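One line per chain: the protein sequences are A and B, in this order.
Per our numbering: the first sequence = residues -3 to 377.
Per our numbering: the second sequence = residues -3 to 377.
What the hints contain is simulated information worked out from the structure, not anything from laboratory work.
Just so you know, these numbers come straight off a predicted model, no measurement behind them.
Among these hints, one or two may not hold up.
Said to hold, decoys possible - Straight-line Cα separation of at most 25 Å, SDA-like style, residue types lysine to any residue; simulated pairs:
no.	chain 1	residue 1	chain 2	residue 2
1	A	LYS238	B	TRP323
2	B	LYS126	A	GLU261
3	A	LYS50	A	LYS238
Letter by letter, the chains look like this.
2 protein chains.
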Amino acid sequence: MNKAEDNAYAQQGEVGLVEYQDFVHPEPFTFEMGGSIEQFTLRYETYGRLNAHKDNAILICHALSGDHHCAGVHSLKDRKPGWWNHIIGPGKPIDTTQFFVICSNCIGGCQGSSGPSSINPATGQPYKLKFPLVTIGDMVRAQRQLIAHLGIDRLYCVLGGSMGGMQALQWAIEYPDCVERVLGLATTARQNAQAIAFNEVGRAAITQDPAWQGGAYEVGKGPDVGLSVARMMAHITYFSDKGMDEKFGRNRREGKQTVQQFDVEFEVESYLRYQGRAFVNRFDANTYLYFTKALDRFDLYGDSGCLEDAFAKVNARVLVIGFTTDWLFPPQQNREIVHALLRCGKHATYAELGMDLGHDSFLVESPELYELVHAFIGPKS
Amino acid sequence: MNKAEDNAYAQQGEVGLVEYQDFVHPEPFTFEMGGSIEQFTLRYETYGRLNAHKDNAILICHALSGDHHCAGVHSLKDRKPGWWNHIIGPGKPIDTTQFFVICSNCIGGCQGSSGPSSINPATGQPYKLKFPLVTIGDMVRAQRQLIAHLGIDRLYCVLGGSMGGMQALQWAIEYPDCVERVLGLATTARQNAQAIAFNEVGRAAITQDPAWQGGAYEVGKGPDVGLSVARMMAHITYFSDKGMDEKFGRNRREGKQTVQQFDVEFEVESYLRYQGRAFVNRFDANTYLYFTKALDRFDLYGDSGCLEDAFAKVNARVLVIGFTTDWLFPPQQNREIVHALLRCGKHATYAELGMDLGHDSFLVESPELYELVHAFIGPKS
């Protein structure tokens, strides 16, 4: 993109055309749960420009099914921009005229970063289940290498929703001197039994699909049924009872007067089936297993059961935003993070938004959310 | 069982040994959504004795995964008695020294009543998907034939939880002069979008399992993976966040120090896997499809969207009990039933119990629940 095009997009308040880049870390990377790989790649995108002091960098961490493409478009033909495009751009709450915004596909992922579906340079074959187990801590340590590669010592802000919020908290804990601000949305300090249970059902659907073949499936011949069922179910947990009632209620699918037994009959069924099918086309089943396990093992309470222990060294200012209708990581779990930080004498704030869309509220357009994000991140002075 | 044994059980406050019976209705039965079968069977059990006036009969309606065996044991070797044994028996809240208690497997079921897995007498082959679609109304009309066969004109009480509560309400609506009391627990006047959504994920898991074969699978070669995944997921919706945290929390499975990637790691996972496996051994996948569709189509609000229209002719006294932690059919949905009945000038009461076990609270032992049930049913005068 030349400078003239760049300016034209900026005047429209849009990030516009973007290209991803691949960062290859050429040294061995050892994983928290054991195992190592000889090198790793993180695919990432950036928006805006790093300033001379290199102190205006914001790192965005994606959720389970997200990726590095959180703003702009890859082609003018793209139907949809990146997943958080409405919040990132010139003059937007995360203002790319002031900040240098970075987002990378997590290690273990399937969108260009090293993960079970990527090629092991040592063998020329995909890792599949030989890829080591991944934790939230591993994701953050890999991101740290990317940040260093970009010449950045200290991040102005790290933020993300859901699994992205876990990473943001982990940044504040692992690299207390590298993070000024942390913003977590719809997140938790540990997965509770119900959240683990839902993930386990998804994993059961995938690993019992004969096409999974112990994780050794070929590209394009994966456990599509299992993965789509996992996604359909997970999608319900990202929504809310009220939101579903308002969006679908008991509406019947149009033009489907006569129902053939177990065909799709209600709109909500059609919607979920679509979500399942669409997911299979863009996501790797093994990464789904790896990431859900990373979520389930995330537990900042640790063996002591004391969240304050985890937060003892945090220096960042922290804002956590919970959503009233989020029942996957309900407000109470978000609030607990801030209470524990406050008990440690940290600078932390909790905000709660009364949006109807459940867990995924952090992904939707909302002036109230924009205000909070903008106020917390603020204009770079 | 001879009379001496019978008395011995009664003195222990237990129903004791029971045998099921099969009621064969030898005439054609036409289903609400279309289609008919030449005759139908309902498998049922009874406890206690019908009095001379035949006015002490209580009908218990089972939930999605339940059956006719709700009290007593079939053999002294049985590990577990019927699913509501703790509430039914001599001196129990549903007192079999005073009442004649009836429970039948619903039409469409798989425990002896006519359903997709039972033999079509006309062909000598199982119906499979040629069995007509079933509604809650069909279940109740079939039960009505059983009741008539037993020589009963009027039921002292009809009660049940979840899908059983729907049937109880349907009895009050379809046969207003045949029901004195109706007790619904953890139920709803219509499935909302979220409940439909969960059922649809279960159906997607079953119908996309290659072993389903369009419903034509042979006995013992069914879609076990799909059905077990459906059951695992459904089980989460029968529980509560709080209940799961108290029962399992993040406890690791004992004796499983080293974790092999995607093996079961947490106790809650092990519990769900067990539930899935156990269900496959006792339940037919096609019946699961039929019953979940019956649930999803249940809508007493009807086209008018007015619950009072449905309740206009109800004569029964109605008690509805909601459970605070039930998020499948939350308290509000139970309360709405009673509010609508009261708006029609009916005799109706709502009670709410603060139990932690979610939707399945109606199945667990609880003195508060016993008191309510006993007070509503009362001693037969």
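Hint check results:
1. A/LYS238 <-> B/TRP323: holds, 12 Å
2. B/LYS126 <-> A/GLU261: Roughly 19 Å between the alpha carbons, so the hint for B/LYS126 and A/GLU261 holds.
3. A/LYS50 <-> A/LYS238: violated, 44 Å
Of the numbered hints stated above, the single one contradicted by the structure is hint 3.
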